[in-house]
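> Below, each chain spelled out in residue letters.
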Amino acid sequence: DAGITQSPRHKVTETGTPVTLRCHQTENHRYMYWYRQDPGHGLRLIHYSYGVKDTDKGEVSDGYSVSRSKTEDFLLTLESATSSQTSVYFCAISATMERAQPQHFGDGTRLSIL
Amino acid sequence: AQTVTQSQPEMSVQEAETVTLSCTYDTSESDYYLFWYKQPPSRQMILVIRQEAYKQQNATENRFSVNFQKAAKSFSLKISDSQLGDAAMYFCAYREGGAGGTSYGKLTFGQGTILTVHP
Numbered sequence: 001d002a003g004i005t006q007s008p009r010h011k012v013t014e015t016g017t018p019v020t021l022r023c024h025q026t027e028n029h030r031y032m033y034w035y036r037q038d039p040g041h042g043l044r045l046i047h048y049s050y051g052v053k054d055t056d057k058g059e060v061s062d063g064y065s066v067s068r069s070k071t072e073d074f075l076l077t078l079e080s081a082t083s084s085q086t087s088v089y090f091c092a093i094s095a096t097m098e099r100a101q102p103q104h105f106g107d108g109t110r111l112s113i114l
Numbered sequence: 115a116q117t118v119t120q121s122q123p124e125m126s127v128q129e130a131e132t133v134t135l136s137c138t139y140d141t142s143e144s145d146y147y148l149f150w151y152k153q154p155p156s157r158q159m160i161l162v163i164r165q166e167a168y169k170q171q172n173a174t175e176n177r178f179s180v181n182f183q184k185a186a187k188s189f190s191l192k193i194s195d196s197q198l199g200d201a202a203m204y205f206c207a208y209r210e211g212g213a214g215g216t217s218y219g220k221l222t223f224g225q226g227t228i229l230t231v232h233p
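Here the protein sequences come in this chain order: E and X. Here the numbering used here is used: the first residue of the first sequence is 1, the next is one more, and so on. Here the numbering used here is used: the first residue of the second sequence is 115, the next is one more, and so on.
Hints are not guaranteed to be accurate.
Unchecked claim - Covered stretches of chain X (chain E as the covering partner; in silico rule of three or more C-beta atoms under 8 Å from a C-beta of chain E):
(1) 161-168
(2) 224-230
Unchecked claim - Derived lysine-lysine pairs resembling DSS-like cross-links, with alpha carbons at most 25 Å apart:
(3) E:Lys57 / E:Lys11
(4) X:Lys192 / E:Lys70
(5) E:Lys70 / E:Lys53
(6) X:Lys220 / E:Lys57
(7) E:Lys53 / X:Lys220
(8) X:Lys187 / X:Lys169
(9) X:Lys192 / X:Lys169
(10) X:Lys169 / X:Lys220
(11) X:Lys169 / X:Lys184
Keep in mind that the hints were calculated from the coordinates and are not lab data. Idealized CB from N, CA, C, for every residue including glycine.
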């Protein structure tokens, strides 16, 4: 299994509080991604990174920011959490864009915002 | 923007039988990749099979095979000899091809199909 650790695994917090989710990889892969999973929508891309300090927005980036100061860590921040951001969040990594190189996923973080 | 559609929210199959999960996609690109991921109740995302669009031959991985119809933009997953452990949510995913460009390997997922396997 790819060495991807997401923390925390579960979190419950209140509306308006800041939340940071961490993705840590031990594979030295260049590309990292944050997705959210919601019923009826599958997984949707929030932000992604193609190198240290190189990040860009995905399909559903409003209300989220990211940072990647080291190859191994990709942080997702909800500056002021809202109930609509209750979801399961997945981090994924990929070594290369060559051929059909798949993304490997972490085990997800279940985030509940009350 | 690319879209991926899984029109079957739920499917069921008897153990040892065969089931086919449907996936269609919309793209104007000619170079791309398609994937099926399995998500069991443990929430893990497990790669099942992948297909490169330029390959005419359908991908096969043990009991899992695909029917890739490029002109029809269809990518269905066939599971043969279904087992209880196949019960899961299955996601179809699309990725633009090319080692360069600006796609950066972003995946577009379908809505998912929940597969139930009856003993």
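> Does each hint hold? Answer for all of them.
Right, here's what the structure says about each hint:
| no. | hint | in the structure |
| --- | --- | --- |
| 1 | 161-168 | holds (count 4) |
| 2 | 224-230 | holds (count 3) |
| 3 | E:Lys57 / E:Lys11 | holds, 24 Å |
| 4 | X:Lys192 / E:Lys70 | violated, 41 Å |
| 5 | E:Lys70 / E:Lys53 | holds, 8 Å |
| 6 | X:Lys220 / E:Lys57 | holds, 11 Å |
| 7 | E:Lys53 / X:Lys220 | holds, 18 Å |
| 8 | X:Lys187 / X:Lys169 | holds, 14 Å |
| 9 | X:Lys192 / X:Lys169 | holds, 18 Å |
| 10 | X:Lys169 / X:Lys220 | holds, 21 Å |
| 11 | X:Lys169 / X:Lys184 | holds, 10 Å |
Hint 4 from the earlier list is the only one contradicted by this structure; the remaining hints agree with it.
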